[in-house]
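Asks: Each chain is listed here by its residues.
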Amino acid sequence: MKYQSQKVALYYFGGALALFVVQVLVGTLAGTIYVVPNLLADVIPFNIVRMIHTNALIVWLLMGFFGCAYYLIPEEAETELHSPGLAILQFWLFLAGALAAVVGYLFHIHVGREFLEQPLWIKLAIVVVALMFLYNITLTVLKGRKTAITNVLLLGLWGIAVFFLFSLYNPSNLILDKMFWWWVVHLWVEGVWELVMASVLAFLMIKMTGVDREVVEKWLYVIIALALFSGILGTGHHYYWIGTPAYWQWIGSIFSTFEVLPFFAMVIFTFTMVWKGGRNHPNKAALLWSLGCSVFAFFGAGVWGFLHTLAPINYYTHGTQVTAAHGHLAFYGAYVMVNIAMFTYAMPQLLGRAPYNQVLNMVGFWVTSAAMAFMTFALTFAGVVQVHLQRVLGMTYMDVQDQVSLFYWFRLGAGVFVVLGVLMIVWSLVVPGARTREAVGYAPAE
Amino acid sequence: MSEPSAQSDSWGVLSSLPGNPIMWVLILSELLVFGAFLLGFGGARLVYPDVFRAGQAALDVRMGGINTLLLVTSGLLAALAVEARRADRFGTMRLCLGGAGLLGVAFLVIKGLEWSREAALGHSLSSDTFFTLFYLMTGFHAAHVVMGLVVLAIIARYDSLENLETGTAFWHMVDMIWLLLFPVLYLTR
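Protein chains in written order, with my numbering: chain A, 3 to 448; chain B, 341 to 529.
Where hints are given, some of them may not hold.
Have a look at the derived ranges for each label pair, beta carbon to beta carbon [unchecked claim]:
#1 A:I244 - B:L527: 30 to 40 Å
#2 A:I270 - B:E502: 18 to 28 Å
#3 A:P247 - B:M487: 43 to 53 Å
#4 B:P389 - A:V23: 36 to 46 Å
#5 A:P247 - B:L448: 19 to 29 Å
#6 B:V387 - A:V361: 32 to 42 Å
#7 B:L448 - A:I270: 34 to 44 Å
#8 B:R426 - A:F273: 50 to 60 Å
#9 A:Q6 - B:E423: 30 to 40 Å
#10 B:G352 - A:L122: 19 to 29 Å
Output of the computed footprint for chain B on chain A, the stretches with three or more beta carbons under 8 Å from beta carbons of chain B [said to hold, decoys possible]:
#11 79-91
#12 215-225
#13 405-416
Facing chain A, from chain B, some residues (calculated, C-beta under 8 Å) [said to hold, decoys possible]:
#14 V353
#15 S355
#16 N360
#17 M363
#18 V365
#19 I367
#20 L371
#21 F377
#22 L378
#23 G382
#24 V391
#25 A394
#26 S466
#27 L473
No lab work stands behind these hints, which were simulated from the structure alone. All residues carry an ideal CB built from backbone N, CA and C; glycine is no exception.
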């Protein structure tokens, strides 16, 4: 850590980790309701539980991105943050908004669009938070050094804010409603979030492998070019069977097929950098998370996305557990892991400690990752069986749910292990290690 | 990494190609997308041979043929512009670039006439699989011609050999993709 104002990132990392625990606990509850359907039905219905699970995920990932930006931008721009006070205020406002939304959900105060269930006033508060954030980081970058990493990160973060505005547009025509809903959902996770992910990974590679900035920047440009090239028109793969013209099946199938390329490039990028630069950096856990992130994102987002992206296949798999399998591994691989990689790298620096609890953190990595992989396989098999029984043989939805319940038990088991792994990770990051040291003995290699 | 040659080497195979290596990343991506369209076209043709036969019969091969000649000539002029720039003949370079651009505009005019002819015959983007693919493939290609014209204008304005090589590489890609689309869409029976 070179700049005092980077410390505001700690608020965001802490808040993100707390919500991470909430997210996986509520996820386990949702997984339990899948196998014990009437559990808590009168107290918290399943739709509310699911809403808290997905909203907590999105909020903590965004909170993590904010923290990543507050940590990374001063160091890249070589200047203090424009206003640390505003950043702290923004954190509390964001956290309060998120908690208010959850409390509101418990009292059935929500609207109906999936993932965008927040009432209008919460959405407007999110816009205010985003403006505070963008103002702060943009002014910081403008007064400091501009690098490829800060440029791409700013582009991604501005994109997140701009596309969120489409959540305020809710046409009464259901087809248009869905089309623009995807402008938030798809253009976030398969568009601008990838820019954030790639720039954070690029930053970590520069810091930890010591490979020249020029080389890292070239990779970054190629990765984001591939991401936008495939991802923007790849939106078409969500336009099948929702009432849009059939030509979207061609556009969506062809462009989204290539969405695997940026993720593949990230695997090659991270492994080449570590191979070229050596693995002498003492923060082995952060390196493990960075490499794991690119690999799991490639499988979760890339391969599991491709599995059902072609229109003739999606005709059968649309809205089945195949989608759930893809969603879980993609979010974990791409966005959970990139956040944890950054937290693992930055928190020891922010807290002025040597990398601590490395072993526990890495055990947490393997437990969580293995459990997520198992959960993905369980849901994939559930999805394949579901497709056959429901879409090919024509059985009814609920009868099929009975048939695949074994896989839901497997998923629940995996979920329990995910909770265990997450607790290990959070413990290793938050609770000080025994070998706490005053100064951090490793300077960024540059 | 301070030496420019060492820097360009780090692009691997792409550094030996003329122009900016990132343009070649774009060109390769474009080839993948149009390649996927051609594969899709081939697959759909196997499934619906009658629809494709009827669709092809309704196309005006002459218009496609003239457009092919226009784009190939335009590509030649772009290549001559690079040659002229290498020999420091700036007047010739500008003339060739201007000619390449004009032929590109002519291509678009004929493409527009061709689409309006098909539309008048009642063939739309949603008529059948053949015409969906016909309009999508020629439409995406035409969008690249428009983009190529913008690129040609940029390299005419911001003159340097690297810019010229980068921009004309894009133009040749547009040209080459048409050379693949024309026989597959119009000619193969």
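Asks: Okay, the stretch 79-91 of chain A and chain B, do three or more residues pass the C-beta test at under 8 Å?
Replies: violated (count 0)
Asks: With a cut-off of 8 Å on the beta carbons, see whether I367 (chain B) makes it to chain A.
Replies: Violated: closest Cβ of chain A sits about 11 Å from I367 (chain B), beyond 8 Å.
Asks: Given the hint of 18 to 28 Å, is the C-beta distance from I270 (chain A) to E502 (chain B) inside that range or not?
Replies: 26 Å, holds
Asks: Would the hint on L378 (chain B) be counted as holding, given a Cβ-Cβ threshold of 8 Å to chain A?
Replies: 10 Å, violated
Asks: Go ahead and decide if the range 43 to 53 Å is satisfied by the Cβ distance of P247 (chain A) to M487 (chain B).
Replies: The hinted range 43 to 53 Å is violated for P247 (chain A) and M487 (chain B), with Cβ atoms some 24 Å apart.
Asks: Taking 8 Å as the limit, does the beta-carbon of V353 (chain B) come near enough to a beta-carbon in chain A?
Replies: Violated - the Cβ of V353 (chain B) stays beyond 8 Å from chain A, reaching only about 13 Å at its closest.
Asks: Given S355 (chain B) as an interface hint, is its Cβ closer than 8 Å to any Cβ of chain A?
Replies: 10 Å, violated
Asks: Between V387 (chain B) and V361 (chain A), is the Cβ distance one that fits in 32 to 42 Å?
Replies: The hint (32 to 42 Å, Cβ to Cβ) is violated, given that V387 (chain B) and V361 (chain A) are roughly 57 Å apart.
Asks: Taking the least C-beta to C-beta distance, is A394 (chain B) closer than 8 Å to chain A?
Replies: Violated. Min distance 18 Å.
Asks: Just tell me: holds or violated, for the beta carbon distance of L448 (chain B) and I270 (chain A) against 34 to 44 Å?
Replies: About 38 Å separates the Cβ atoms of L448 (chain B) and I270 (chain A), which means 34 to 44 Å holds.
Asks: Could you check if L371 (chain B) really has its C-beta closer than 8 Å to a C-beta on chain A?
Replies: This hint is violated: L371 (chain B) lies away from chain A, its Cβ roughly 11 Å from the closest one there, beyond 8 Å.
Asks: Range first: 19 to 29 Å. Now tell me if the beta carbons of P247 (chain A) and L448 (chain B) are that far apart.
Replies: The hint (19 to 29 Å, Cβ to Cβ) holds, given that P247 (chain A) and L448 (chain B) are roughly 24 Å apart.
Of the numbered hints listed earlier, those contradicted by the structure are 3, 4, 6, 8, 9, 10, 11, 13, 14, 15, 16, 17, 19, 20, 22, 23, 24, 25.
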